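Enquirer: The chain contents come next:
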Amino acid sequence: MQGMGSVALLPHECSALNGDVPVPIRQPHNEPAPDDEADDILFTAEPPREQGVNSDALALVSPNRVVSGAALMKDTEELASTSETAEYLDGTAARHGPLAPTSQQPQQPGRPENASPAFMNCSADEAELDVPPANADDSTLDQSPTATCAALMSDTFAVLEQDVMRTRRGLAAFERPATRARLTLWLCAFCDEHGVPYMQGMNEIAAVFVYLHETLHADATTCACYAMYKRFAERYVPLAVDPAEDPFGRLKQAFRLFNDLLWFHDPEVASRLERYQLSTDMYATAWLVTVFARNLAMEAVLAGERSGSLCEGHAIGAGVAIAAASTRALPLSETAAQNGYVRSAVPRRQQATSICTRS
Amino acid sequence: MSSQAGAAAALSKYKLVFLGDQAVGKTSIITRFMYDKFDNSYQATIGIDFLSKTMYLEDRTVRLQLWDTAGQERFRSLIPSYIRDSSVAVVVYDVTSRRSFLNTTKWIEEVRNERGNEVIIVLVGNKGDQSDKRQVSTEEGEAKAKELDVLFIETSARTGANVKALFRKIAAALPGVSSATNRGNELIDVKLTPQEPSASQPQQASSCLC
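Top to bottom, those sequences are chains A and B. All the letters of the first sequence, read from the start, carry residue numbers 34 to 392 under the working numbering. All the letters of the second sequence, read from the start, carry residue numbers 162 to 371 under the working numbering.
Hints in this document: simulated from the structure, not taken from any laboratory. Watch out, some of these pointers could steer you wrong.
[Unchecked claim] One side of the interface only, derived from the structure: several residues of chain A facing chain B at Cβ under 8 Å:
| # | residue |
| --- | --- |
| 1 | R199 |
| 2 | G203 |
| 3 | R209 |
| 4 | A211 |
| 5 | Q233 |
| 6 | H250 |
| 7 | F288 |
| 8 | N292 |
| 9 | D314 |
| 10 | M315 |
Predicted model, so just to flag it, every value in this text is computed and none were measured. Think of the CB as a built atom: it goes at the ideal place given N, C-alpha and C, for glycine as much as any other residue.
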């Protein structure tokens, strides 16, 4: 496998990074969840909506509080079995279209699909390329990113550039032009590869992976880190990129689902929000669009990632993950086709090469 | 909720929606007004953000709900619902970006489409402190405001110049404000372009930090 040097990129295996549906959602009730310790806090024994205010519920409006989201996940299965949510959830299975590189790779026998961290595999595209083995030095990203990007999206490029300039400005890493150039290039590459325009918020997700690469995993290949980002973004970005008729159709679906989850877990908070006419879109847009990357300090995002809470342990995070994952999402490429978005002239292979090989 | 009109200090609530292209300084203006601070590290607003602040005017107190919106065009389809029940639309452009200035026409149209004439619109040229990069003159801004029949002011969220004046201007224009308070219209609007001969202007600008 390419990029074996990156095995230690993440200390645990985060299923979300696989570009796959989180395991807890997929698994039937009787199968043990892979993360047993998270089962402690389940409160699914009581019938939904009749239970009193549970103590975890406040976490739904307090992103700083970390609690297990396993309960949310599990409850979502029940929602799924009884409501249209099921449709959303089923829809996720169909997402493994041309965009999901994992689907093109053979399943490893005897292991669930999240067993092999996505970033180990790089992606199918990158595997085609002659990617050099793990190497700390990948100065390719200092190549002018605009060379790649100019063709991509003249209009949105200005937005992208401005956003990159104001992404995570408090962090020393993002004060460095090289880091910002890398962020720009990754965003451009991602958008170009998937044929979608840049959307505000994408920068926040990419920044987390760029930061990982710049700091904690400086010895990993750019290819591996980009692949991690790509897997993650392929999964969540579709929320904010939708067919032209309603660019936020999927996001609105996610709002509805999130609201359902809130009512399910904390009717009191939900009813109070409703009384004050605070609809989900007013407080959760950035949560959903950036999967919390925007609202939390980088350390918190990474801490969540380390402890698995980004994927499974964080109530809101889990709510967001569920809402995001279970909207009936089209593969990005399909979306792009519906948008009539014109692919840039830069060939895909060349795009990936510019990121994954050293000059 | 309960509108106790009897008492002199009835608290009226008004919703202000901030519109304009990305990175023109909508969030910065709001933060300057709310907390009297500025820094360079504001992240792009995703979707919508809201804050509220009570303003004490001479004869009454008003509560302003400030709705900060995302600037990117792609988010625009989410915005009409926020404009719908707003009393004031603050349309911001960046005086160092002609493009953002040109786009204010679209934003103002959008507001008119939603709210007709039942809304106060203020055109705000921000980043007035960056005179070396200026692409839109104060006169152009004024002319456009006149043409579109909206209020106008130039601000600098960085220095704080005219930010308070902006909100006083808005407060004075709010419906139900007595003529006494309407004096707000005569507040000195600090000219941010120092090329004008009057030497006292830069001082005024800094004194407006208050």
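Enquirer: Which of the listed hints are not met by the structure?
Expert: 3, 4, 6, 7 and 8
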